[in-house]
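Please model the complete structure; the sequences and the hints are all you need to start from.
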Amino acid sequence: MLKRNVPLLITALVGVFLIVANFFPSLSAMSEDFTVFFGIIAAMAFVLGGGSLLKVHLKKISDRNAGWAFSLIVLGTFAITLAVGLLKIGVPPNPTFPDKPWSGSVNADGTAFEWIYEYALKPLSATMFAMLAFYIASAAFRAFRAKNIEAILLLGTAFIILLGRTFAGYYLTSWIPIDGPFSGLRIEELSVYIMQVFNTAGSRAIIIGIALGIASTSLKILMGLDRSYLGGGN
Amino acid sequence: MNGLQANLRSTVSTSRAVIALVSIGIAASVATAAPPAPTDVEAQDVAGDGGGSALVRWTAPAEAEGITGYQVWRSETAKETGDRDATERADALAAAETEAFENEQRRLVDVEGLSPEAAAPRSRAVARQAAISLARDPAALTVTETGPHDTHWILVDTVSPAEGSLEVSKLDPDSSYTFIVYSVAPGPDGRPERSEASAPSGPVIPAAAVLNLFRLPLLIILLALCGVVLLFILLARRGMPLKIRTIAGLAAVDEAVGRATEMGRPMLYINGIQDMDDLQTVAGVTVLGRVAKTAAEYDARIEVPTSRSLVMSAARETVQASYLTAGRSDSYNPDLIYYVTDEQFGFTAYVSGLIVRDRPAACFYMGAFFAESLILAETGNSVGAIQIAGTAMPSQLPFFVAACDYTLIGEEFFAASAYLSGQPDQLGSLKGQDLGKILVGVALIVLVTLATIAAITGSTEIESMVSFIKTVILGG
Amino acid sequence: MSMVDRLANIDRRWIFLMMGLAVAVPIIYIGITGKTLPEQPTPLAQAAFDEIDKLPVGSRILLAWDFDPASEGELGPMASSFVRQCCQKGHRMYFLTLWPVGTQMIQKSASLVIDGFYPDLEYGTDWVDLGFKAGNEAVIKTIATDFGQMFPNDARGTPIESIPMMEGIASISSFDAIINVSAGYPGSKEWVLYAATPYKKPLLVGCTGVQAPQMYPYVPLQVQGLLGAIKGAAEYESVVNAWVRRHTIETILEEADVDAADAETMTTSFLADSGDLTAWLATPAAGGLTAAKRTALSDAVDGDEPGIFLEAQRRMGPQLVAHLLMIGLILAGNAVFFVTRRRGGVR
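First to last, the protein sequences are chains A, B and C. Per the working numbering, the first sequence starts with residue 131, numbered consecutively. Per the working numbering, the second sequence starts with residue 1069, numbered consecutively. Per the working numbering, the third sequence starts with residue 7, numbered consecutively.
No lab work stands behind these hints: they were computed from the structure. Careful, some of the hints might be misleading.
[What the hints assert, rightly or not] Residues from chain B shown here face chain C by an in silico Cβ test under 8 Å; the list is partial:
1. Ala1132
2. Thr1136
3. Val1194
4. Asp1225
5. Gly1258
[What the hints assert, rightly or not] Using C-beta positions, here's what the derived DEER-type ranges look like:
6. C/Val225 <-> B/Ser1527: 53 to 59 Å
7. C/Pro106 <-> B/Asp1410: 23 to 29 Å
8. B/Ser1527 <-> C/Ala248: 47 to 53 Å
9. A/Ala209 <-> B/Leu1310: 53 to 59 Å
Think of the CB as a built atom: it goes at the ideal place given N, C-alpha and C, for glycine as much as any other residue.
Below, the structure written as structure tokens:
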């Protein structure tokens, strides 16, 4: 009973306190402390996460499961990055304290840690990010179907936006006078209008729904009506 | 006589010179007269707020023509004074150390004939010693300049000449402040000139009120919306029949799990890339509990790589409890719920590789996602998995809608837990949420109509009502 | 298997290949030839150019670089082109920023454009870096009436009284135009509200694509020229590059005692056919030109545009081709869908 009720009680008390702190300024400093508490808990939880990472990959290597070489690479790079950072390998001393070898900043220019970040992590992240362009093309070919009126409208809008962002859009409607009554029909003007009016309106409507959903879900969690985040249903 | 005449002439010419100089001085002072300073500067705490705001008022000088603006300055807090002193000390020490280093370096290289590289360590040691000696002698450091009234002032803002007050915010609620105001006007050479500093205002502490009255409208709205939700929960408990429309994505959960069981392939559940302090992640863990229960009942394998350690811990607890509830505690394998990395694209790369290698039959994406949403969904699509996504990130919804079989859009995602439980009081909360949306919609229509009427008719009463609602009620 | 069936079951790697080529081919083509896809400036980009161009030589331009390295990809090219036009025209440039990391952006513009291509411009006489000042819009409101209060020194610590070009700078009104490159807050909206509107100063804005819709309502009364995202940057870049070429050629011709009207005509013919330049250089009229001027003239006529002034246009090439490919894929996918549906298949 304690295992279920204590977390529910903590959730309810902390939640109500944080809501009340919004209205009583003297409590707002304490509410900031809770944010710090969360950070401390998350940092401690990293020990568990790191341990799990090591366990999973070491098991894969020892069992020689399919793809165990990838696990070896994961653990190897993990160990190298950890060692380089913790031991400050290749970090020159702080100019203000030249006699203290470990006084330099681990991610200052020219350090090994900064090299790993600049020449390994950043290019890999940029590569993964760049894959989006390819995937959007395959998604467009596969999924953008004019099945009904709404889909046709959506596709038409997509074409206007795609063209409006390039020279082609300007080229197609440059014959419409810029200061005439129909200047709004120029593709680049239309694309701005669509983003400014329709897209913004749709996003705002979804955001209003999301806000209400968040409020309702939070209320249920605080009141203990929804306990499924603790597992196993109610 | 000649000597006397010479003396007299000398005296007269000197007098004339003095008169001329005095005249020039008077003319010069008239030409460069600064604008008059404002008077009656007073400051008071803004009542009923959350602290940190003060209202400064002043009276424009009688001869206010030509004034182009007023500068409002405030006094420093004790902490700011301490910080400034520390900065100035550090700057002075650094300058002294640099100078000592250069002097010693020059001596060692030019006089003693050492190479610059050999001399550098010795010069640095001497420079450090010089800085340490200076640090131990506070009198040797430069005295800080102060401004009018022997106080150091900080410029807050400049306002137009039509203004007679300024609300100063972002002050420390526990510190006392005084304010001075300058007039600014162009001088005869066109350059701006400031007046003398006004007399300082009385001290004011921009303290926080016990209750922040500016947030009262927020409290009323909060009580109204929560009250509506609670009302429907109560009504549902009393047996009011509730009809909730079918949410296709949630109805497909059983289908997805069944498919995975038939094909003998695992399921993949991604809980987003944010931590447990994001409600989307909590909602995702909630849905995981229900999906895991179904998986336990079907004896299907569910793998949950996470991007945050805390999410891993929460997910393990949830899944274990689900397996226990389903009576399959022996099938629970904690190693199937594991932490990967916090790094966004590192996590994406791992999951993409996992999908391609393991070819799961079903993929669930429930939580907060960013740019990786399309990468994951397209990779899942490429292996033929059935995909159900749910997120409250408006920018990622289009990608999920395009690439997944079912998508829970925004509030549908938050409704998932209630929907899957089927319990009356949970479903009642959904109805309450819907009524809340209707109330918001009605308020929007009314206010937009008012604002439109104000814009068309130019009515100042309606305009001020709209402005009041925007700044006071909705401003928070 | 018919073509429709092949398309319906196409391996997605073919689509990836097409997208890869759509991005790579324009980049490689531009890299090798230096030629970019034609960029037709919209009226807003042209207006931005015209506003700076119509000011007399030596005008005082306040350049507010309110962006950071994260948005440099989108805003860096337009910043470089703004500086280029001011340098070429001979305007005096006053740089400042309301963002802490904006100082790096100013230094980058200075080193790339001024030091790289206009080394004769003197610091303190032709351009000055006033650096960063904290306070957001309070800075703008203060310099609107008292410039020296906010900037008693430049970014190098020199008192402004010692800087020749700061002579006569009393407030916003002392400047002839304001150029703001902005990535968010504080940025273009604040410059509109507190500088351009009350003091009726010409304001040119370069901003990110996300911000641009918010700035359109201010055009043309408060904002005379607006460059939105990399597209706006590419359009403005193309205008500036073309103008710099012409201006360089005309200036050198006028130094060779060619009158202005003839210089304009000759410039047009040289740009159309570089053989005309070769022929003219052999005439006695060109005898007064030094070797350096001859080289500069040849470079201006048919030399490649420096890479830093093609950044935005380079990026538009892949964008255009990729967008057209996307449209083509959508149309092809729908064609396959409708044909398959008519046949009675399910997709």
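Can we keep the B/Ala1132 interface hint, with Cβ of chain C closer than 8 Å?
-> violated (14 Å)
Using Cβ atoms only, decide whether B/Val1194 comes closer than 8 Å to chain C, and label the hint accordingly.
-> violated (26 Å)
B/Ser1527 versus C/Ala248 beta-carbon gap, inside 47 to 53 Å or not | 52 Å Cβ-Cβ, so the 47 to 53 Å window holds.
With respect to the beta-carbon atoms only, verify the hint that C/Pro106 and B/Asp1410 lie 23 to 29 Å apart.
-> Check passed, 26 Å falls within 23 to 29 Å.
Given B/Asp1225 was flagged as interface, is its beta-carbon under 8 Å from a beta-carbon of chain C?
-> holds (5 Å)
Holds or violated: 53 to 59 Å for the Cβ distance of C/Val225 and B/Ser1527?
-> violated (29 Å)
B/Gly1258 as chain C interface residue, shortest Cβ-Cβ below 8 Å = holds (6 Å)
With 8 Å as the cut and Cβ atoms as the points, is B/Thr1136 at the interface with chain C?
-> Since the shortest Cβ distance to chain C is 5 Å, the answer is holds.
Does the Cβ-Cβ separation between A/Ala209 and B/Leu1310 fall within 53 to 59 Å?
-> Since the Cβ atoms of A/Ala209 and B/Leu1310 sit about 56 Å apart, the hinted range of 53 to 59 Å holds.
In the structure shown, a violation is registered for the earlier hints numbered 1, 3, 6, in ascending order.
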